[in-house]
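Using the sequences and the accompanying hints, generate a full structural model.
Going line by line, the protein sequences match chains A and B. At position 210 of the first sequence the residue is numbered 210 (my numbering), and the sequence of numbers has no breaks. At position 83 of the second sequence the residue is numbered 83 (my numbering), and the sequence of numbers has no breaks.
No lab work stands behind these hints, which were simulated from the structure alone.
As a list, the in silico EDC-like pairs of lysine to aspartate or glutamate whose alpha-carbon atoms are at most 16 Å apart:
#, chain 1, residue 1, chain 2, residue 2
1, B, K286, B, E115
2, B, K286, B, D37
3, B, K286, B, E53
4, B, K50, A, D475
5, B, K327, B, E262
6, B, K251, A, D307
7, B, K286, B, D109
8, B, K36, B, D59
9, B, K252, A, D307
10, B, K50, A, E315
11, B, K251, A, D302
12, B, K252, A, D302
Listed next, the stretches of chain B that the computed footprint assigns to chain A, with coverage defined by at least 3 CB atoms under 8 Å from CB atoms of chain A:
#, stretch
13, 66-75
14, 225-232
All of these numbers come straight from a predicted model, not from anything done at the bench. Think of the CB as a built atom: it goes at the ideal place given N, C-alpha and C, for glycine as much as any other residue.
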Amino acid sequence: MDGHRRTLSRTATAAVPIAFLALFFAWPLVAILRRSLVVDGRLDVPWGVVTGGLTRQVLWFTLWQATVSTALTLAAGLPLAWALSRFRFRGRSVVEAFVLVPFVLPTVVVATAFIALLPDGVERSVWAILLAHVFFNVAVVVRVVGAFWAGLDRRLWDAAATLGASGGQRRLRLTLPLLAPALASAASIVFLFCFTSFGVIVILGGPGYATLESEIYNQAARLFDLRTAAVLGLIQLAAVAATVLVSGRLERRLGGPRRGGQEAPRPTGRERIAVGAVVLCSVALLALPLLALVVRSLQVGDGYGFDHFTALAHETPALFVAPWHAVLNSLLFATAAAAIALAVGIPAAVAVAGGRRGLDVLLMLPLGASAALLGFGFLLAFADPPLDLRSSPWIVPLAQSLVALPFVVRALVPALRAVDIRLREAAEVLGATPGQIRRQIELPLLARPLAVAAGLAFAVALGEFGATVFVVRADWPTVPVAIFRFLGRPGEDNVGAAMALCVVLMGLVAAVALVSERVLVRGGPR
Amino acid sequence: MRALATNRRRVALGAGALVAAAVLGAGCGGSGGRPKDVVLVTHDSFAVSKDVERAFETDSGLQLRILQGGDANETLNKALLTAGDPQGDVIFGIDDSILSRALDGDLLDEYRSPELASLEPDFSNPDSHVTPIDHGEVCLNVDRGWFTSHDVPPPTSLSDLVLDRYRNLLVVENPATSSPGLAFLLATIATFGDRWESYWRGLRANGVLAVDGWEEAYTQQFSGSAGSPGKRPIVVSYASSPAAEVIFASKKPSTAPTAAVENGCYRQVEYAGILRGAHNVDGARKLIDFMLSQRFQADVPGSMFVYPVRSGVPLPEAFVTYAVVPKDPLQLPPAEIDANRDRWVARWTDIVVR
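As structure tokens, then:
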């Protein structure tokens, strides 16, 4: 294959995600910024906002809580990632599926569980915020780092042990540097999530705490001060872009040699105790708030029963359809969103891994854009035919895929980069076509990260709330939107329906994670 | 292996088809001929019984489509953002405290429904751009069980709340972010006049908890709502909330577990209006007339837990038994609210949150 054709095909690969982002991200964002900051045809930015005391206070809180949350999440997630990716034991796939559940639960729901569990003093403090962030994001560390860790060549550790390296030395000088790209990947996603955190801050922090994201929402949707909101939005975008650039630099330091199809060993001796302890503790801590929800969904009057679940079949005034329709809608939208995210994300990941660094930053930006500003932008940008999307149900999976896209790319890029270049060269020398190389060498190596990407995209879409609630039609509610509507009404039946739907959502996510793991990884040829 | 590659292609095809379908489908809607639907833009608390909705669709020959856009304030802001090129035909859910913003924003077309003549006298003569649809009263709610078991009399007025025996018992909503929260702030201003700031300092000293929204206050912090993990037995909610606790209970209790305090309630009237630039003005008028009809008005209490504005509309039994209709609810003139709202809210934030 000559160089010219290769450049051409690489440009074509990058064109798909760029066009997608230009249409569904950049355009609406420009529309709302223009509306906010252009006065009589001239750019008029209220720079006073940037240097204002409020902005400094909000920015400082946003930064430090995101940094501390990320550090805590890594600390909490790494042991579990180690146990799940380096060893084989009964129930491993169940634990892996379970870890994903907190990640997709709507924040309103988790906040309710936290308020029920936490003691009075902690309830509305910064500790509640940090704890909730760890609870939500542990899945990202376990999944992204775990998928990468599992693919690293095990013989390195054996070699190091043979050469006399102690356990501590191996962890510090071998494991950590080898994992650096995946760590950077996971840390940057967690950091961005905490940096742009909204629901947790508003509910668990209350009016005393504000992040940039919650302040943008406050200014735009509540106070309708679009100018202040737009400036804060730009600050947030810049901060996100800077984060992505820095983490991208870390990530590009090449990871260790990878081997596909290696069987994880069963833990032996002291490993057994360590793996058992890590898995049991992590699962117990993650399960506690979820159990509180299950218990509440079964509470009927003074006793227990399944009444709230059977009631999901009947229409209620809180929704315009019977609640179980919301489950169908969620599955439909999430499937479409995951399909879009994969269709756009796979070429994007290939392009990023091939050296398109600008695209990398661009792809992460949707995570950093305020949902409120983007939602307003959608209202302005997609008002007229042929793109009169703002009352079409299909705008929902489009918005969801925008949020899911970075996960697809993040899950694929480290693995794509780490495919040993010599394998490809050897195949080329032996006469394999680029298509053959992709199908027979790269894809088997990538099967697991692909499964992770698909599962994450689907789960993210399933639990997505901030953007969905902004664009969804009342007669097409998703499960998180339905939960939110039920929680907005007084009375036991409404709260019960919300809790029952939470449990259904938890079950769906766990099932999807289990299936994607089994079908794509186990069932697939090696 | 092959299966995976094919799947990927199919996924890509599917996604492409989907985007195309969305664009085409959207392109077809809205254009050509007489509009067959009428679009109602409203807040998250809007609800209507299915048979009432169908009755409108049968009578008018129009399909009713509903877009919900956050709380009342957010819904209005979205409408202001798209003023002149609106998302729908009718907006519903503008309450008094934000009414002047809607009127100043050149958002609405004038319309006087012939049904206005059938409304209670309090409501029958609104600004010509809006039509009143319902009213609700924001009142203190108390957890009766808590007060019985602790042998403390429940509060009977706003001024009781600064008493030592109600320390750490009250949860309120932030007026910057919540509609009942703002109504409650207005109630204290209407009651205490210039002394409202010192009243709130007293509440803060007495351990008031402020949260952002009604959901958190009522379903998470208030101890009286069903299944709530909350620990505070006094909350700012609605006069109709005790009825809801009975209607939605799994086993109907003989007495309501909560009660509204009849003193110090603040009245919120909710209005509808026709959005300037509506595609279906004729349908919009039909919809507003329908919202004032006997049928819709009778459905309002059971669906949205507010009260009808039409005279002679019977209330559901649970409302008669468990809910109160406060006799002399507090109200402030919209112009006064508009002139001072931002300042009041900022002062409140300084006093209670900072």
